[in-house]
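Okay, here's what each chain looks like letter by letter:
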Amino acid sequence: SQNNGTVSCRALEVDKSSSSYSVGKKFQVTDVIEAQQFDRDLLGAIFDVAREMEKIEKKSPGSQILKGYLMATLFYEPSTRTRLSFESAMRRLGGEVLTTENAREFSSAAKGETLEDTIRTVEGYSDIIVMRHFESGAAKRAAATAGIPVINAGDGPGQHPTQALLDVYTIEREIGKLDGIKVALVGDLANGRTVRSLAYLLARYNDVKIYFVSPDVVKMKNDIKDYLTSRNIQWEESADLMEVASKCDVVYQTRIQRERFGERIDLYEEARGKYIVDSRVLEVMQTHAVVMHPLPRLDEITVDVDGDSRAAYFRQAKNGLYIRMALLKLLLVGW
Amino acid sequence: SQNNGTVSCRALEVDKSSSSYSVGKKFQVTDVIEAQQFDRDLLGAIFDVAREMEKIEKKSPGSQILKGYLMATLFYEPSTRTRLSFESAMRRLGGEVLTTENAREFSSAAKGETLEDTIRTVEGYSDIIVMRHFESGAAKRAAATAGIPVINAGDGPGQHPTQALLDVYTIEREIGKLDGIKVALVGDLANGRTVRSLAYLLARYNDVKIYFVSPDVVKMKNDIKDYLTSRNIQWEESADLMEVASKCDVVYQTRIQRERFGERIDLYEEARGKYIVDSRVLEVMQTHAVVMHPLPRLDEITVDVDGDSRAAYFRQAKNGLYIRMALLKLLLVGW
Amino acid sequence: SQNNGTVSCRALEVDKSSSSYSVGKKFQVTDVIEAQQFDRDLLGAIFDVAREMEKIEKKSPGSQILKGYLMATLFYEPSTRTRLSFESAMRRLGGEVLTTENAREFSSAAKGETLEDTIRTVEGYSDIIVMRHFESGAAKRAAATAGIPVINAGDGPGQHPTQALLDVYTIEREIGKLDGIKVALVGDLANGRTVRSLAYLLARYNDVKIYFVSPDVVKMKNDIKDYLTSRNIQWEESADLMEVASKCDVVYQTRIQRERFGERIDLYEEARGKYIVDSRVLEVMQTHAVVMHPLPRLDEITVDVDGDSRAAYFRQAKNGLYIRMALLKLLLVGW
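If you read the protein sequences in the order shown, they are chains B, U and P.
Residue 220 in our numbering is what sits at position 216 of the first sequence, and the numbering runs on without skipping anything.
Residue 54 in our numbering is what sits at position 50 of the second sequence, and the numbering runs on without skipping anything.
Residue 225 in our numbering is what sits at position 221 of the third sequence, and the numbering runs on without skipping anything.
Accuracy of the hints is not assured; some may be wrong.
No copy labels: a pair is met if it fits in one copy or bridges any two.
[Said to hold, decoys possible] Derived lysine-lysine pairs resembling DSS-like cross-links, with alpha carbons at most 25 Å apart:
#	residue 1	residue 2
1	K71	K59
2	K322	K71
3	K186	K223
4	K229	K181
Keep in mind the hints are simulated off the structure, nothing from the lab.
Quick caveat, the model's predicted, so the values are computed rather than measured.
Required output: the full structure, derived from the provided sequences and hints.
Next comes the structure, spelled out in structure tokens:
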């Protein structure tokens with residue numbers, strides 16, 4: 005108040021401390037179902053919490069935030085990687101886990117229970133449900149039924165929102181910013197829900213440019229391209245991985261999935277060999293740029309890349325832990 | 005002692021505090037194998053503990069009663085619902101869990117280990133065993149071998165005593181009494197171990213009346229009818245669900261199990277459609293009456309019933325948690 | 005200092021307290037991969053810790069040594085017995101567990117992820133990895149990749165070092181010494197990794213004598229015999245189980261594995277019936293001697309032996325818990 009120059013500053017601080025993301029406030033989101041739920045401000049606030057999560061040590065008080073809470077992992081199809089990541093996140097915060105790797109037996113043809121009935125039972129046993137399902141839209145149906153939070157850990161060809169969040173978080177951690185970045189999405193862009201969700205979230209930021217580099221048979225579909233155009237996000241298709249890699253901050257490689265090709269093994273073999281990230285690609289990449297991958301990988305990134313500090317994919321997997329810790333914390337106890 | 009009127013009252017209190025169900029006393033039961041183990045007084049005392057369990061909150065001291073104890077869930081056939089209920093119960097009391105969903109590999113034909121040897125090994129790793137088995141009598145054999153408590157979580161066509169206990173507990177919670185109640189058992193009464201065990205336990209109470217409503221092919225067997233008659237429990241078979249429903253406190257519906265009909269799908273289809281609990285049944289039911297079901301259900305209760313406050317089946321499932329918490333507490337640390 | 009006689013003694017004590025096995029020192033071993041890693045002094049020091057582990061009670065402070073630590077059990081083939089033993093060990097020390105019973109899906113043919121990539125992901129979620137694999141050498145590869153400790157819980161026909169350690173620990177606990185003991189290894193000596201590892205470890209001690217008693221088709225292989233000879237360990241083959249049993253401190257029986265005989269069921273039946281430990285064998289054994297078995301057993305030890313105090317096999321299984329508690333404690337927090 006003595007100095008005019010600081011007044012607006014203080015006002016801003018007051019504003020921030022009473023913001024909807026400040027400690028003690030309720031999380032705006034009751035269920036995590038799809039990437040589109042998260043706008044730029046909310047993503048930023050979640051990432052702040054994720055960064056706090058990185059600091060939680062075995063003996064620190066933060067490691068008991070979720071003591072007494074029970075998470076049920078209701079997996080209708082196996083995904084050990086995702087399940088372990090969520091279960092590790094819950095336990096790192098002092099919470100407990102009920103595991104179902106074979107939830108299909110709940111709703112087996114023989115017994116025929118609806119997803120809704122299963123959810124009504126499981127919500128009686130737990131405080132939060134992490135669900136993986138083989139049908140698109142299943143997570144939304146579960147959330148509509150449950151009186152406790154539901155996190156979508158992948159529903160068929162649909163959404164896998166925590167993967168999308170950890171991807172964006174990783175870009176910010178590695179590159180230091182999200183506005184103005186150049187990202188190459190490489191590989192199977194037609195079937196990969198990962199790259200589709202990532203494209204949606206990148207559209208939240210300014211001056212982003214996206215390059216699509218993929219074999220013809222698995223090109224990015226028009227819905228995403230149209231969406232990016234409608235949001236004034238620049239995008240471009242290219243067949244020249246080297247040229248694109250030399251310009252980008254992030255080369256996001258994905259696996260070509262054999263099961264998409266049916267009996268056309270010849271097409272699969274042609275597609276999978278087309279764009280490989282190897283030491284030659286690294287050579288043209290900028291020193292601050294990174295290679296990402298949602299894992300598992302086959303040979304679309306050669307193992308000689310692993311030793312380079314720009315190989316960010318295992319750090320990316322680890323970031324999944326922090327994002328999931330943050331979401332569990334936010335959904336169960338708030339900001 | 006100043007007032008004669010209170011003397012008998014105090015005497016009663018002393019009597020109660022030194023009763024065999026008072027705090028600190030040992031649980032009378034070393035293993036939970038079959039519903040018949042429990043008489044009326046013991047059921048009442050267990051239900052008192054279950055009601056205490058309903059009050060345990062995340063941070064309350066009760067939530068650590070079983071800290072340091074390890075429960076092994078040894079499931080020779082999958083039953084995710086029952087397993088999650090037990091594991092949730094153990095964790096709500098601060099205990100830990102070792103899970104085996106595929107215990108059959110312990111005793112596979114190839115390896116051929118006896119159940120007794122498996123139990124002798126598992127008892128070295130845990131403090132209590134919850135066992136599900138495909139063979140009637142397996143739980144009794146396990147209990148005879150183990151030096152630690154065994155709970156039968158279903159052994160084939162045999163017993164599933166915790167289900168029977170939670171059913172009776174639910175009736176008392178919902179109706180407010182057990183003496184004098186009228187209960188309709190509906191559906192597959194020939195094969196359902198649930199309704200058979202429930203009939204046994206209801207025979208512990210006074211002036212109970214049981215109605216059997218089932219397709220001809222799955223009628224209640226004579227052993228139960230004879231037992232009820234021998235205990236002076238009134239029972240009656242009826243083909244008129246509406247008439248029965250209008251008189252009963254509890255309509256206990258069950259699933260017709262397709263696997264019991266082999267290739268006679270026609271008989272199965274005829275049987276399953278015969279007695280459906282729907283909004284028309286609700287209309288004739290009394291306002292204080294409830295619909296119960298052991299779950300999972302198919303369409304033997306229509307989903308439009310779910311919204312009615314008399315639909316008690318999901319509360320019933322939740323009560324399973326409290327009954328199991330009570331039994332774990334009693335078996336491990338006593339009254 | 006007042007008495008010359010005690011000087012050397014005190015010097016020894018000082019020596020011991022500053023030894024490489026004293027409290028607070030780092031464990032010499034970063035991963036437990038094979039039995040050969042352990043020399044006589046290290047085995048003795050580990051056994052001292054295992055004996056402390058036997059004393060840990062539910063409420064004692066020791067039961068929280070590993071609070072906040074997470075163990076991932078990464079099992080590429082099922083072994084419920086071994087998994088439960090490790091998970092019980094971790095939980096008895098206050099640690100938490102992430103379970104993967106079907107780790108093969110990580111590296112399925114369809115997805116084709118390398119073991120190294122899986123390890124790099126899992127190490128991000130946990131503090132120690134217990135791995136069972138179907139391929140010999142897999143544990144060594146995992147340890148070479150992981151930045152956290154790896155324990156080999158059996159890799160195919162290769163090693164199962166914690167079994168070997170618990171076997172030696174059991175002999176010391178039961179017989180009171182390891183130098184000068186006589187041990188009969190009985191049954192399938194060709195394929196059993198257990199007896200092979202045990203022979204290696206027994207060679208660490210003085211004046212040990214080993215008898216091999218096995219059907220001709222599954223005799224101990226020459227590499228072990230040559231190794232024992234090179235270490236001046238006496239060994240002898242015998243076809244007379246009674247004669248050997250009467251002289252030995254330990255009769256270590258093993259199961260003849262049907263799967264090793266392919267279609268030659270006749271050879272299998274002949275082999276499995278040849279050397280049975282029954283009450284007649286017990287009669288000739290010395291009163292201080294014991295019968296051991298890695299379990300599961302079929303009928304190679306008859307059940308009438310179980311009641312004899314010299315039947316040590318279930319105590320042996322329980323000792324596995326203490327050895328695994330000791331190793332987890334040592335690898336995670338040191339001596």
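Taking 25 Å as the upper bound on the Cα-Cα distance, should K71 and K59 be classified as within, between, both, or neither? Both. Shortest intra-copy (18 Å) and inter-copy (18 Å) distances satisfy the 25 Å Cα cut-off.
Please work out whether the CA atoms of K229 and K181 approach to 25 Å or closer within one copy, between two copies, in both situations, or in neither? Close inside one copy (23 Å), not across copies (65 Å); limit 25 Å.
As a check of your reading, is K322 near K71 (CA-CA no more than 25 Å) within one copy, between copies, both or neither? Both ways: K322 and K71 sit 22 Å apart in one copy and 21 Å across, limit 25 Å.
Is it within a copy, between copies, both, or neither that the alpha carbon of K186 lies no farther than 25 Å from that of K223? within (19 Å within a copy, 66 Å between copies)
Going down the numbered hints, you'll see the structure goes against none, and every one checks out.
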